[in-house]
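Enquirer: Chain residues, written in single-letter form:
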Amino acid sequence: MTYVLNRLLSVILTLFLITLVTFAITNILPGDVAMMIMGTQSNPEALAGLRETLGLNDPMLVQYGRWVGGMLTGEWGDSLIFKKPIAELLSQKIVASSIIVVMSMAIALGAAVPLGVWAAVHRDKWQDSVSSTTALLGVSLPDFFWGIVMILVFAKWLGWFPSSGFVDPSENFLLAVQHAFLPSLALGLGLMAHLTRMTRSTMTGILGQEFIRVARAKGLSEGTVVWSYGLRNAIGPVITIAGLQIGYLFGSIIVMESLFNYTGMGWLTYQALLNRDMPLIQATVFVIAAVVMLTNLLVDLLYLAIDPRIRLG
Amino acid sequence: MKRFLSPKGLVGIILVTLIALVGILAPLLIPPEAATAMDMTARLAPPSANHLLGTDQLGRDILIRVLLGSRLSLEIAVTAVMISIVIGLPLGMVSGYFGGRIDNVLMRLVDTLLAFPALLLALTISAVLGPNLQNTIIAIGVAFTPYLARIVRGEALRVAQMPYVEAARAAGTTDLFILSRHVLPNILPAIIVQATISLAFAILAEAGLSFLGLGTQPPAASWGLMIQASRDYLERAPWTALAPGAAVALTVLGLNMFGDVLRDILDPRSK
Amino acid sequence: MKRRDFLQTSTALIGGGIFMGGASLPSLLMAQDTPVSGGTLIWGHSETTQNLDMHQTGTASSGRVLQNIHSSIVTVDANLNVIPGLAESFEVSPDGLTYTFKLRPNVKFHNGATMTSADVKYSFERCKDPATGAVNFEVFNNVASIDTPDDLTVIINMSAVNAPFLSRLAENGAGVVMPVDSGPTQGTNPMGAGPFKFVRYEVGTVVEMARFDDYWDGPAYLDGVLAREITEPTTRLTGLQTGELHMINDIPLDRVEELKGDAALQIKTWFPLNFDFINMNHTYEPFQDKRVRIAFDMIIDKEALMQGALWGQGATSASPSFPTSAAYNKSLVQRAQDIEGAKALLAEAGYPEGSLNIVFKATTNYPYHIETAQILVEWFRMAGVNLTIEQLTWADWLSQCWVDKDYQMTMMNFFSLWESDFLYFSVWNSTGAFNYRAINDPVIDELTAKARITVDDAERAAIYQQVQQQIWDESHDIILWFRNGTIGAQPKVMGLDTVVHPNGSNLNFHKVWLSA
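Residue numbers (my numbering), protein chains in the order written: chain B, 786 to 1098; chain S, 623 to 893; chain U, 2 to 517.
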């Protein structure tokens, strides 16, 4: 229990540090909000005036306090380019991105688990090499490259999926899934390699354990031993590892969503960065970091539930 | 030794050696201007006797660019990984070896940075520093640092608890001596393995940054930039993506396989 | 190439349209079909709409969309002559100080109100008010008062002559008429008297418009227009080819010729869309020397550069005036490439080979700028100048080059500057709003000021030709070319030749229809 408590305390501390880092990063970015608001009409006097009204001339600490205070009280402010409350934007875009995150994870696990198990069963044989090489192929090219290939093959030539855009799942669920499929597939390919490797090593360890030998001795079929006894024990660690990939995914969606014009968190973050929409950059970067950290926490706690021996801080 | 000779391992070693050779030799044999020499009469030309792998949108020879690009791409990857080692190694070692409050503080910091996806971090750093070659390298290096620090710290923690280290400590040996004589050699294998894999990721990261316009700047011939530029011509002239794509894929594949082999040799625990 | 394009264009112009080739089979076959109403056109728009307030927006992308929502008091024909718009007639007093507009009766706004002279007065005064932040505020600088003797008459009294006044009103940014007191909501809910009503806008994603049944020039055929913003050129083209989009603007330049042969698509190109020029920062020491600027001009082979960067989709020009404009100085010829001559001139100016290291900032917003820069690097290397490229996002380009003037060399394009005063005063006058190169040339300042008070059109055109000569003589900027506009559409999209506004940039969907 102390571990859980400590872990929660450290989460709060890390969240605080995340706000500091986010604020620091966004404040050293070149260009500022006032510039973006005025665009080609900018002139020094007008800029100075606007900076004053926006409070950009206040001391850093005051600005930081105002920002964190606003976040705590639910006042996330408005995006400058979208001219909408940031909280509202984020809640929409997070839904869009979670579709992609969940789908790509499902695709990656769906491919990685069988491949990894297959490799573990035939360890050091040709099947092992085939499995790991197949998995590595996915990660051996930049994921945007796969994205472009997907657009060409599945959208253009075969016409099975739309080439770009986002559809709200509450409007049309099937269409929403169709739009999310290609970016998810491209992302899933990149995730697959790592997960295959983890499945293989976990399975290898488990297949060498006593209870498997006992099961085999009992005369259970090899299929039952591997897929039922073995996998049941391996799935926990594998899902844990998968959870830790959320951070990687949230980085990759920046490129992938932009490529597919899929308007989720990644797209929003990139738009914010492109347009130097500081309040929005701060919010998206903070939310992504917080989501990643909370997922890691969940994974840790899950791991703890599975294997209470772990007590590392 | 058996695993060393596994076909996969062999392929990995051959690939890495080959790519390193190309990276070293190509710039010695081909003049650098050849990478940007344009032939406007042969734009997006398919592979032919004149241009074995075809030309790009400005009529530049893709084979020459891929060969010369190997130097640039490897340079970026190696330097970026070096940066992450230079910062991450001492950080992780100190944290893992001393433990306690130092460890707490440093690891909170590392955890914080880990919460920011590497690409997002690199993207922001690149935007702050402005787009050019050095800044791309710095951005990737810094973004990778927390990952390396985490791994080093774990290893250092393990070594610090070994009986001989504790014995040395009890005998009054200085921390600096223990760190350099006992801890470092023992964690080196894990770092080498991690560095090899990181090289592969650095090459991909450079491509990702170039895709968003924040990586290597044209007309330089880096593989990432070449792939980025090819995306608009992929359908009409697939060879513009094929050669740099294959170069990246083979390098990343080779480095990963090589890393696996290294791990099996250097770090037998993981078997 | 250049001559051929000009010939094609001018003959097409005489023919009444600005159709330049690419009339693929379907549109010709079905041209005689009678238009039908209905359907929503899905348009893949190449750029992100920025500010929706017609007065405040300065970007071509927003103007392209808002063209369908607003109407102006006057407009222009294909030859850039001012013709009636919301005013059915207009009159200028001989002294050039009084403008009288007779408004069309029964023009409806989207809110159902009928347009009166009060709306015109409100709109013009809003544009003039510095607090509005209108791009075109200076158009009204000399306006002393606006009288509205009755509902359909507007009299504008000037304190001093402003010769270009009427033509400046032909652009929506200045001449737009909005309902009284609609200003505060124009940015979020633009409303005017155009053929389409604004429905919704999601930044960076989509603008939706619906037909306005009471449009003064008769209702549009389309039920609505859905402008999806897709900035990736290849994604946009793929969307058209897969049928997800009905129409796209800005086809990847290298694909234009190939796609013209594709029977499954209609490809329309026109000339010109915008001009491009290379900018040298006049506050940067080497560029304060005219010889360096001229030498840089001599390093560049404009025709080869145009073929290289635009794949031939444009025509080189030494003048930034619209080729159809009376002010276009036909006697100007671009400097030919002369690398040796350039080297000698640079050495004379004190910059021998290898002594100049220049950073060229190019924005990724226009991919062909990046190609241009890469070609330049080669030529400059031959001339002993080391050019390095820095790619900037649009936001960074605006902040670094446009506002802070923190650059050495860059390039930019301007859309829809067909009106000479807007063009030359804004871009080259030392006090001009678009003078981000910090050019300070007393000759140009004097000429552009003089043009403003020269009422005679021919005389005024002659002055602008002098301005062009001066820009060329001093090599203040290196004028490159006019780029072609391109549209790709499904065969079922009809009336494509009515889409492009004479300013070359705006798209108008009033007469577009979808065949069954």
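Bear in mind the hints are in silico, worked out from the structure with no lab data behind them. It is possible that some hints are incorrect.
Pairwise CB distance ranges (calculated) [stated by the list, open to error]:
| no. | chain 1 | residue 1 | chain 2 | residue 2 | range |
| --- | --- | --- | --- | --- | --- |
| 1 | S | 663 | U | 334 | 24 to 30 Å |
| 2 | B | 850 | U | 286 | 42 to 48 Å |
| 3 | U | 431 | B | 836 | 23 to 29 Å |
| 4 | U | 94 | B | 956 | 56 to 62 Å |
| 5 | B | 962 | U | 265 | 27 to 33 Å |
| 6 | U | 382 | B | 944 | 31 to 37 Å |
| 7 | U | 284 | B | 844 | 40 to 46 Å |
| 8 | B | 787 | U | 407 | 52 to 58 Å |
| 9 | B | 908 | U | 382 | 26 to 32 Å |
| 10 | U | 186 | B | 787 | 54 to 60 Å |
| 11 | B | 833 | U | 94 | 56 to 62 Å |
Derived list of chain B stretches under chain U, where covered just means 3 residues or more per stretch with a C-beta under 8 Å from a C-beta of chain U [said to hold, decoys possible]:
| no. | stretch |
| --- | --- |
| 12 | 939-949 |
| 13 | 1044-1057 |
| 14 | 1075-1083 |
All residues carry an ideal CB built from backbone N, CA and C; glycine is no exception.
Enquirer: All hints, please: hold or fail.
Expert: Comparing the hints with the structure gives:
{"no.": "1", "hint": "S:663 with U:334: 24 to 30 Å", "in the structure": "25 Å, holds"}
{"no.": "2", "hint": "B:850 with U:286: 42 to 48 Å", "in the structure": "44 Å, holds"}
{"no.": "3", "hint": "U:431 with B:836: 23 to 29 Å", "in the structure": "26 Å, holds"}
{"no.": "4", "hint": "U:94 with B:956: 56 to 62 Å", "in the structure": "58 Å, holds"}
{"no.": "5", "hint": "B:962 with U:265: 27 to 33 Å", "in the structure": "28 Å, holds"}
{"no.": "6", "hint": "U:382 with B:944: 31 to 37 Å", "in the structure": "46 Å, violated"}
{"no.": "7", "hint": "U:284 with B:844: 40 to 46 Å", "in the structure": "32 Å, violated"}
{"no.": "8", "hint": "B:787 with U:407: 52 to 58 Å", "in the structure": "55 Å, holds"}
{"no.": "9", "hint": "B:908 with U:382: 26 to 32 Å", "in the structure": "56 Å, violated"}
{"no.": "10", "hint": "U:186 with B:787: 54 to 60 Å", "in the structure": "58 Å, holds"}
{"no.": "11", "hint": "B:833 with U:94: 56 to 62 Å", "in the structure": "42 Å, violated"}
{"no.": "12", "hint": "939-949", "in the structure": "holds (count 6)"}
{"no.": "13", "hint": "1044-1057", "in the structure": "holds (count 6)"}
{"no.": "14", "hint": "1075-1083", "in the structure": "violated (count 0)"}
Going through the hint list in order, the structure does not satisfy hints 6, 7, 9, 11 and 14.
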